[in-house]
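K.L.:
Letter by letter, the chains look like this.
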Amino acid sequence: AQSVTQPDIHITVSEGASLELRCNYSYGATPYLFWYVQSPGQGLQLLLKYFSGDTLVQGIKGFEAEFKRSQSSFNLRKPSVHWSDAAEYFCAVGPYTGTASKLTFGTGTRLQVTL
Amino acid sequence: DTGVSQDPRHKITKRGQNVTFRCDPISEHNRLYWYRQTLGQGPEFLTYFQNEAQLEKSRLLSDRFSAERPKGSFSTLEIQRTEQGDSAMYLCASSRGQGETQYFGPGTRLLVL
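Chains as they are written, first to last, in the working numbering: chain A, 1 to 115; chain B, 1 to 113.
You may find that some hints are simply not true.
Here are some chain A residues the structure puts well away from chain B; computed CB gaps all over 12 Å [as the list claims (entries may be wrong)]: (1) 11; (2) 63; (3) 68; (4) 77; (5) 80; (6) 82; (7) 84; (8) 113; (9) 115.
Derived contacts from chain A toward chain B, CB cut-off under 8 Å, selection only [stated by the list, open to error]: (10) 32; (11) 44; (12) 49; (13) 101.
Keep in mind the hints are simulated off the structure, nothing from the lab.
Computed from a predicted structure; not experimentally measured.
Where a beta carbon is used, it is the ideal one built from N, C-alpha and C, also for glycine.
Please take these sequences and the hints and turn them into a complete structure.
P.N.:
Structural data, given as structure tokens:
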């Protein structure tokens with residue numbers, strides 16, 4: 001069964017500092033990997049995705065993530081955090097082939113940004 | 001591309017009542033998904049449709065839950081005889097097809113008193 005672990009429940013960084021949010025996944029085949037962001041009371045917005053190819057993927061709002069198959073990780077990074085980045089971040093894994101389509105999400109990491 | 005829309009955005013109901021939520025996917029997206037998100041958790045898959053066919057249902061979807069997608073356009077999720085444990089955010093997403101990115105709506109937040 002597929003699963004996602006986000007070990008950090010809550011992270012606080014200062015505005016302008018760098019950020020790395022961790023994500024580890026378990027999946028038996030080549031996965032689709034996603035990072036979504038959710039502001040309070042809102043739906044999920046896609047930040048970036050990895051399907052295949054270059055293991056470093058660029059997303060919106062200056063975010064990037066690196067797929068490391070050997071570590072089963074897909075960590076999200078941003079070199080300089082802005083106060084507007086404060087939100088909840090979810091990593092998700094989905095199937096690459098077959099008929100199944102569901103995404104499995106981690107429990108999320110809440111990012112707080114101090115000024 | 002107007003995005004995925006959901007209605008209502010908020011619903012408060014008393015235990016035992018029935019509620020129905022609507023989701024309008026991005027036009028020409030043939031896959032539609034329902035997820036449930038409780039406080040402090042990530043979204044959990046409930047069910048999905050390809051066009052009008054419901055292809056997969058989670059064990060989370062008890063007999064009190066039913067979803068439809070008539071004519072392969074909008075979808076409804078009905079909860080009968082609501083319980084306090086049904087209180088959650090219900091999220092809808094749509095995609096062009098298998099393996100394509102899922103785009104989420106703003107969600108319907110349900111509170112069962």
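K.L.:
Next, verify each hint and record whether it holds.
P.N.:
For each hint, the structure was consulted:
1. 11: holds (15 Å)
2. 63: holds (15 Å)
3. 68: Holds, because the least Cβ-Cβ distance between residue 68 of chain A and chain B comes to about 21 Å, which exceeds 12 Å.
4. 77: Consistent with the label, residue 77 of chain A stays out of reach of chain B, its closest Cβ about 20 Å off (over 12 Å).
5. 80: holds (26 Å)
6. 82: It holds; residue 82 of chain A is separated from chain B by about 23 Å at its closest Cβ, greater than 12 Å.
7. 84: holds (18 Å)
8. 113: Non-interface label on residue 113 of chain A holds, nearest chain B Cβ at 20 Å vs cutoff 12 Å.
9. 115: holds (26 Å)
10. 32: holds (7 Å)
11. 44: holds (4 Å)
12. 49: Holds, about 6 Å.
13. 101: At about 6 Å, which falls below the 8 Å cut-off, the nearest Cβ of chain B leaves the hint on residue 101 of chain A intact, so it holds.
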